[in-house]
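Whole structure, please, built from the sequences with the hints as guidance.
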Amino acid sequence: MNEFFHLMFSPQNVIGTLLLSFCVLYWLIVIVGIIDLDLFDFELEVEMEIDADADVDVSSTDGSVAWLNKVLVFFNLGKIPFMVWLTFLSFPLWFLLMIVNEFFGNTSFLIGVVFFIPLVIISAFIAKPLTYPFVKVFAALDKENTPKDLVGKVGRVILAGNENRKGQIEVNYDGSPIRIYVWPSSKEIKLIKNESVLIIQKSESEEQVYIVEPYDNN
654 MNEFFHLMFS
664 PQNVIGTLLL
674 SFCVLYWLIV
684 IVGIIDLDLF
694 DFELEVEMEI
704 DADADVDVSS
714 TDGSVAWLNK
724 VLVFFNLGKI
734 PFMVWLTFLS
744 FPLWFLLMIV
754 NEFFGNTSFL
764 IGVVFFIPLV
774 IISAFIAKPL
784 TYPFVKVFAA
794 LDKENTPKDL
804 VGKVGRVILA
814 GNENRKGQIE
824 VNYDGSPIRI
834 YVWPSSKEIK
844 LIKNESVLII
854 QKSESEEQVY
864 IVEPYDNN
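If you're matching positions, the sequence shown starts at 654 in the numbering used here and goes up one per residue.
Simulated from the structure, these hints should not be mistaken for laboratory data.
There may be inaccurate statements among the hints.
[Unchecked claim] Derived DSSO-like pairs (lysine-lysine); straight-line CA-CA distance at most 30 Å: (1) Lys855 with Lys843; (2) Lys843 with Lys723; (3) Lys806 with Lys843; (4) Lys789 with Lys855; (5) Lys781 with Lys819; (6) Lys819 with Lys732; (7) Lys855 with Lys806; (8) Lys819 with Lys840; (9) Lys732 with Lys855.
[What the hints assert, rightly or not] Pair ranges (Cβ atoms, derived): (10) Phe748 with Leu681: 13 to 23 Å; (11) Phe657 with Phe727: 29 to 39 Å; (12) Ser838 with Val726: 22 to 32 Å; (13) Leu763 with Tyr868: 46 to 56 Å; (14) Phe657 with Val726: 32 to 42 Å; (15) Gly731 with Ser849: 20 to 30 Å; (16) Leu725 with Phe657: 34 to 44 Å.
This one's a predicted model, so the numbers in the text were calculated from it and none came from an experiment.
Cβ atoms here follow ideal geometry from the backbone N, Cα and C, with glycine treated the same way.
Dropping the structure here:
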């Protein structure tokens, strides 16, 4: 047993062990009730503010952002709480790191880091099917808790968007701020951060996504 613990915390395996230990400790504390489940949860957003005077190819920028968002969605990031996803990533990552380092007889921290990087990608593919049941669970919870009467309400843009990329707005609902994803109502409209928009309808192709247009409250 002592040899196993020594192997777990040896230089070549220490990153994977610390990551797994962090996840285990997090869930133990959640179970005890000391912290809330959402403490380390956050929404993964890719937001790039571009100066209007800068000479930047906006279409290529939107394309790169859309590509990154598709990668995140593919691995179920954003569909479930981040700590749930990280937990399912850390277990296979730790196991694979231990096996690979032992197979190659590696005892070096730096070589362990070299192994760690591709193993993160492999573990992400393993975590994808493992997290799929939780995607359904949290999707059902979100659908149940989503307000039904947001059409006609005014919100503030917190994540810029356009015809190629969904934006996100914050709306006051029953005295509490909630965030929803939105599309502009036409290709000519760009959603600018901090501007006011009016929710005009629900998206026909995507659940929990709304269509908005700029709103002048003056």
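Practice item. Below or equal to 30 Å on CA atoms is what counts here, so check Lys843 against Lys723. Key: 21 Å, holds
Exercise for review: Measure nothing beyond the straight line between the CA atoms of Lys855 and Lys806; if it is 30 Å or shorter, mark the hint as holding.
Suggested key: 12 Å, holds
Check your understanding: Does Lys732 pair with Lys855 here, judged by a C-alpha cut-off of 30 Å?
Key -> Given pair Lys732, Lys855 holds - Cα atoms ~20 Å apart, limit 30 Å.
**Study point:** C-beta pair Leu763, Tyr868: status relative to the range 46 to 56 Å that was hinted
**Key:** Holds: the Cβ-Cβ distance is about 55 Å, inside 46 to 56 Å.
Review point. Given the hinted pair Lys819 and Lys732, is their alpha-carbon gap at most 30 Å?
Key: Measuring from Cα to Cα gives roughly 15 Å; hence the hint holds.
Check your understanding: Holds or violated: Lys781 with Lys819, Cα cutoff 30 Å?
Key -> Distance ~23 Å between Lys781 and Lys819 Cα, so the pair holds.
Check your understanding: Between Ser838 and Val726, does the beta-carbon spacing fit 22 to 32 Å?
Key -> 24 Å, holds
**Study point:** Agreement of Lys806 and Lys843 with the hint, judged by alpha carbon distance not exceeding 30 Å
**Key:** Cα-Cα ~19 Å, so holds.
Exercise for review: Check the following: the C-beta atoms of Phe657 and Phe727 are separated by a distance inside 29 to 39 Å.
Suggested key: Given a distance of about 35 Å, which is inside 29 to 39 Å, the answer is holds.
Point to revise | Consistency of beta-carbon spacing, Ser849 to Gly731, with hint 20 to 30 Å | key: Hint holds: Cβ distance 25 Å, inside 20 to 30 Å.
Review point. Falls inside 13 to 23 Å, the C-beta gap from Phe748 to Leu681?
Key: At 20 Å between Cβs, range holds.
Check your understanding: Is 34 to 44 Å right for how far apart the beta carbons of Leu725 and Phe657 are?
Key -> Given about 35 Å between the Cβ atoms, the range holds.
Violation of the numbered hints given earlier is absent; every hint is satisfied by the structure.
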